[in-house]
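Undergrad: Here are the chains, one letter per residue:
Number of protein chains: 2
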Amino acid sequence: MASKTPSTEGPAPEGLLLPVPGLAYGVLDQLLGYALRRAQNALYLDFYRAIAQQGGPAEVSPQRFAALVLVANNPGMRQGLLAQAMGLHRSGALRLTDWLTEQGWVERRDDPADARSWGLHLTAAGRRALSKLEQAVRAHDQALLLGLGERGAGLKTDLERLAWVATAAQTNRAG
Amino acid sequence: MASKTPSTEGPAPEGLLLPVPGLAYGVLDQLLGYALRRAQNALYLDFYRAIAQQGGPAEVSPQRFAALVLVANNPGMRQGLLAQAMGLHRSGALRLTDWLTEQGWVERRDDPADARSWGLHLTAAGRRALSKLEQAVRAHDQALLLGLGERGAGLKTDLERLAWVATAAQTNRAG
DNA sequence: TATTGTTATACTCTATAACTATA
DNA sequence: TATAGTTATAGAGTATAACAATA
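Residue numbers (full-length UniProt numbering), protein chains in the order written: chain A, 1 to 175; chain B, 1 to 175.
Since the hints were made in silico from the structure, they are not lab data.
Note that CB positions come from ideal geometry on N, CA and C, so glycine has one too.
Mixed in with the good hints there might be a few duds.
To be verified - For the chain B half of the interface with chain A, some residues (derived, Cβ under 8 Å), not all of them:
#1 Arg37
#2 Leu45
#3 Gly76
#4 Thr97
#5 Leu122
#6 Ala139
#7 Asp158
#8 Thr167
Unchecked claim - Now the stretches of chain A that chain B is said to cover, found in silico as 3 or more residues with beta-carbon under 8 Å:
#9 37-45
#10 61-74
#11 128-139
Just need the whole structure built from these sequences, with the hints factored in.
TA: Right under this line is the structure:
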């Protein structure tokens, strides 16, 4: 490895990433990966709009939303498991949990099975917040599916398969 | 807007973001957006592997690769245009250009039409580097398409459409 | 000895604001 | 007065390493 292993660096799409008329994109136009990046960028930005518009609290990133959903659906889950599920380091899951706790949405309770661990639980306020957020996110997603027409359903399946293929490629190459 | 407009915040997927067996994902499993995030995450990580494996210089992120391609295909393009094409602030394009220049891949020349601007150009080394990188990236992308079978081609089209739909949704909502 | 969570720190990427020089 | 690029700085997000408590 040339230097520090950039393996887990962040991509961080930012502003709108759209084709600029008159610009030549070369290979990029042919790459599935670039099309994926553009789509992800657009959805990411739209996610915030959807939440803000709905009156939901800003600062709820897709990641924070995902964490809230996971805790809601897996009451008592450990922080470390949250980290694993979200592809984060333990310290990252800590920050995430801190933030959710500061919002009053999540609670750390003692884990009866292991005194080192926390069990994460939604508070009543967390359930209310999630309910609103989930509604907004669902509507947002539905609108996209609608815009895609009949291909929408297949797209989701294809993306899941793509994630699988890319991961398998990694495993093969690494292992 | 509720607070500071998080509009252009970075998502920064990190480690591998895969379904953890036994964990309940709730809505996430139903969301196109989450499937997209997972796919993007997997491809992003695989991109580095593909480049590193091919012997290419590490630290070449998808973004840096894209910038290199853009400069190659639009000789003399201004930094500001690069920023626009990549959804970045001017200062971000500056850093990006600085890095490419440090690698000896890109050169800033005076823009004959506007003394305030630079014209960005690939160096000979840049052309060589791009040639190697492009080969690796193309192979990487091809492997993914292959893994997807007949749905691969359609997927790219669908993603482009999805980006368009999400962007239109934003514009409608904002405007 | 390994694991869970924490703390402190550093690194990367991005944006904002103020500045220079051109237009 | 507006634009291109720069500089300096701040902010969000992540990782690393060392530590305490527990397994």
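Undergrad: So, for every hint listed, does it hold in this structure?
TA: Each hint, compared with the structure:
1. Arg37: holds (7 Å)
2. Leu45: Since the shortest Cβ distance to chain A is 6 Å, the answer is holds.
3. Gly76: Gly76 (chain B) check fails; min Cβ-Cβ to chain A is 12 Å, beyond 8 Å.
4. Thr97: Violated, about 16 Å.
5. Leu122: violated (11 Å)
6. Ala139: Since the shortest Cβ distance to chain A is 11 Å, the answer is violated.
7. Asp158: Asp158 (chain B) check passes; min Cβ-Cβ to chain A is 5 Å, inside 8 Å.
8. Thr167: Where the cut-off is 8 Å and the nearest Cβ of chain A is about 5 Å from Thr167 (chain B), the hint holds.
9. 37-45: Since three or more residues must qualify, the claim that chain B covers the region 37-45 of chain A holds, with 9 doing so at under 8 Å.
10. 61-74: Coverage by chain B holds for the region 61-74 of chain A (9 residues, Cβ < 8 Å).
11. 128-139: holds (count 3)
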